[in-house]
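So you can see what is in the structure, the chains are spelled out below.
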Amino acid sequence: MSSTTKKTDNPFHDASLNKRHFKAKAFKVFTITSIIFSVSFLLFFLGDMVYKGLPAFKQSYIQIDVSYSEKSLASTRQAIDKKYRRVVSRSWLRNIPRQVEANPELMNTTQTRWVLLNHQVDQYLKGHYYKVKAKQLKLIDAMLAGGQVELQFNTIFFTHGDSKIPENSGFKSAIIGSILTLIVMMLVAFPLGVMTAVYLEEFAPDNRWTQLIEVNINNLAAIPSILFGLLGLAVFITLFGMPRSSPLVGGLTLALMTLPIIIVSSRAALRSVPDSIRQAGYGLGLTKIQVVQDHVIPLAFPGIMTGAIIGLAHAMGETAPLIIIGMIAFIPDTPTSIFEAATVMPAQLFTWAGMPERAYIERTAAGIMVLISVLITLNAFAIYLRKKFEVKW
Amino acid sequence: MKQETDTKIQVRDLNLYYGDNHALHGINMDIQENKITALIGPSGCGKSTFLRCLNRMNDLIASVSIEGDVIVDQKNIYDKDVDEVAVRKRIGMVFQQPNPFPKSIYENVSYAPIKHGIVKKGAECDELVKKSLIQAGLWEEVKDKLAEPGTSLSGGQQQRLCIARTIAVQPDVILMDEPTSALDPISTEKIEALMLELKKEYTIIIVTHNMQQAGRVADMTAFFHMGDLIEYAETETIFINPVQKKTEDYITGRFG
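Chains as they are written, first to last, in the numbering used here: chain R, 1 to 393; chain Z, 394 to 649.
Keep in mind the hints are simulated off the structure, nothing from the lab. On a predicted model such as this, the values are computed, not experimentally measured, just so you know. Even glycine gets a Cβ: it sits at the ideal position worked out from N, Cα and C. Some hints here could point you the wrong way.
To be verified - Covered stretches of chain Z (chain R as the covering partner; in silico rule of three or more C-beta atoms under 8 angstroms from a C-beta of chain R):
1) 448-459
2) 479-485
3) 489-496
4) 502-513
5) 555-562
Claimed, not checked - Straight-line Cα separation of at most 30 angstroms, DSBU-like style, residue types lysine-lysine; simulated pairs:
6) Z:LYS538 / Z:LYS523
7) R:LYS388 / Z:LYS468
8) Z:LYS496 / R:LYS388
9) R:LYS288 / Z:LYS508
10) Z:LYS514 / R:LYS387
11) R:LYS288 / Z:LYS513
12) Z:LYS496 / R:LYS288
13) Z:LYS536 / R:LYS387
14) Z:LYS592 / Z:LYS496
15) Z:LYS508 / R:LYS387
16) R:LYS388 / Z:LYS473
17) R:LYS288 / Z:LYS524
18) R:LYS387 / Z:LYS538
19) R:LYS83 / R:LYS126
20) R:LYS388 / Z:LYS514
21) Z:LYS593 / Z:LYS468
22) Z:LYS508 / Z:LYS496
23) R:LYS288 / Z:LYS468
24) Z:LYS523 / R:LYS288
25) R:LYS288 / Z:LYS473
26) Z:LYS524 / Z:LYS583
27) Z:LYS538 / Z:LYS524
28) Z:LYS468 / Z:LYS496
29) R:LYS138 / R:LYS52
30) R:LYS288 / Z:LYS514
31) R:LYS387 / R:LYS288
32) Z:LYS536 / R:LYS388
33) Z:LYS583 / R:LYS387
34) R:LYS82 / R:LYS71
Said to hold, decoys possible - Take a look, some chain Z residues computed to stay more than 12 angstroms from chain R by CB distance:
35) TYR499
36) ILE527
37) LEU568
38) LYS593
39) ASP612
Make the full structure from the sequences, and use the hints.
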């Protein structure tokens, strides 16, 4: 028992081990690096979006006197003092007759109001590039010091549709359009997809025909989405004469695109239900439909829901096929039915991203934040549903 | 009351093919009512396949084709005018792995009787569930937790739940495909005692790998080998004084 053991005395000594351990460590470093890379990209993207988008949730207002009279109704510019005419928003002034209509007592009075500033002044106040004359800047700075100019929560963003006046543009019509489109999509794709999967997995004989169908479903999942847009245009709009740009056509087109995703994942979920459950049912003299409906589908349901969630998220971010069927159009009004012209969130973002005014840039970023929030909310809801229906066993 | 020696199932020239593979060769067998008949033999000898012919479970496999007659109560169950679902209601089945439905203990037992219209939901159904669980020797263990999932029970309890579920449909015949091979010795003992109890009311046919089990519970034993029924006689005869050399070799452990 010597206290100074040499390397060679160690019966477990293996010269090649150092090298092998080094390889394992190096591999571990590579894997961690790739995770750090992807997480940092994601964080950078999110951080950038929040940084650029947050200002859009605030909008600049100015507190000035507004006179409601016959004169100002005829020419709304007359409602405010001359010196403010170059800083306030055209869209706010345009709204004056409607204010009187809603509240006739305003007539022949002068009220102190928070009036929307135009987007150039707004950008100046937020510290971005602006085009405002020195005379107006002086006025704004003075009123800012006096507390008569301030940034207020931007309700317009959530209550208005798109507009060519940047400070008047909002995301509402796109949000409603997206929701209507996705409802149509899910109503069509979910039952069709699940029924197809159940037939192929539980009822279909294994022959040439079903194999052909299987191959085609797998191929459909790999088709570029813009081709579904062309299909939607040719079939739903040209052949069936459905209204262009409508959530109906958009939803049907996205349903075509999402169907293979739902079918493939539902089949996988059904296949993972152990055969012993089916045997147990048949052994008791149950019919096929009783076995499938009451014992197989409940077990497969969480998996089916997962497929539906993936399909939904996929469809929500989809733009290309919707451009083809006209959902990229300028839609200021919020659709009230699935037959009216509408746009969807990603298409609205696409439009705004191409606009020259600075104000649209922050709105694009803010829109992305809304899109992601809606997506997360929908996913959370679907996960809740999945947990609720999950059968413990 | 029927006599003890009444024949419940007559199998006549039963041939079964998996595609081109001839798996059962002209089986002839009379299975007696209210007796336990054990099917033994080495793996792949066709005993499970034969068992599944008796309630048309093989119909579920597309490649299977069957010739011959299986006559239950004077009616060939393979006749064109016989629905296999009705056959399986009269001839229930218990499987190797306990396979309760992913539902509560109560629903496991009540599901099929309600679907068959044997009972209606409510007191009548409660009574049937209780009766079936008592018959399966499980009532005392589960009476306070009928709403818990069937899968929360132990393996042996699950298997007895599966038996309760089968007798709740009120079949004439119970087929058991190695019902204890996934269970520990104590659970096995309980199931065997249960079988001896159940044969008073039901005709039981059991496939087993365990020859001691066949010796313990079976009245009649059939020895299968390579798709042939080699020998079929009273259990004692098979074990003590078999006619066929192959049977003797298998029983004494020379192969299999």
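Okay, the hints, checked on the actual structure:
no., hint, result
1, 448-459, "holds (count 4)"
2, 479-485, "holds (count 6)"
3, 489-496, "holds (count 6)"
4, 502-513, "holds (count 4)"
5, 555-562, "holds (count 4)"
6, Z:LYS538 / Z:LYS523, "holds (12 angstroms)"
7, R:LYS388 / Z:LYS468, "violated (48 angstroms)"
8, Z:LYS496 / R:LYS388, "holds (15 angstroms)"
9, R:LYS288 / Z:LYS508, "holds (12 angstroms)"
10, Z:LYS514 / R:LYS387, "holds (28 angstroms)"
11, R:LYS288 / Z:LYS513, "holds (21 angstroms)"
12, Z:LYS496 / R:LYS288, "holds (18 angstroms)"
13, Z:LYS536 / R:LYS387, "holds (28 angstroms)"
14, Z:LYS592 / Z:LYS496, "holds (28 angstroms)"
15, Z:LYS508 / R:LYS387, "holds (28 angstroms)"
16, R:LYS388 / Z:LYS473, "violated (45 angstroms)"
17, R:LYS288 / Z:LYS524, "holds (27 angstroms)"
18, R:LYS387 / Z:LYS538, "holds (23 angstroms)"
19, R:LYS83 / R:LYS126, "holds (22 angstroms)"
20, R:LYS388 / Z:LYS514, "holds (25 angstroms)"
21, Z:LYS593 / Z:LYS468, "holds (23 angstroms)"
22, Z:LYS508 / Z:LYS496, "holds (15 angstroms)"
23, R:LYS288 / Z:LYS468, "holds (24 angstroms)"
24, Z:LYS523 / R:LYS288, "holds (27 angstroms)"
25, R:LYS288 / Z:LYS473, "holds (19 angstroms)"
26, Z:LYS524 / Z:LYS583, "holds (18 angstroms)"
27, Z:LYS538 / Z:LYS524, "holds (16 angstroms)"
28, Z:LYS468 / Z:LYS496, "violated (35 angstroms)"
29, R:LYS138 / R:LYS52, "holds (27 angstroms)"
30, R:LYS288 / Z:LYS514, "holds (22 angstroms)"
31, R:LYS387 / R:LYS288, "holds (27 angstroms)"
32, Z:LYS536 / R:LYS388, "holds (27 angstroms)"
33, Z:LYS583 / R:LYS387, "violated (37 angstroms)"
34, R:LYS82 / R:LYS71, "holds (14 angstroms)"
35, TYR499, "holds (15 angstroms)"
36, ILE527, "holds (19 angstroms)"
37, LEU568, "violated (8 angstroms)"
38, LYS593, "holds (22 angstroms)"
39, ASP612, "holds (23 angstroms)"
The structure fails hints 7, 16, 28, 33, 37 (numbered hints given earlier, in ascending order).
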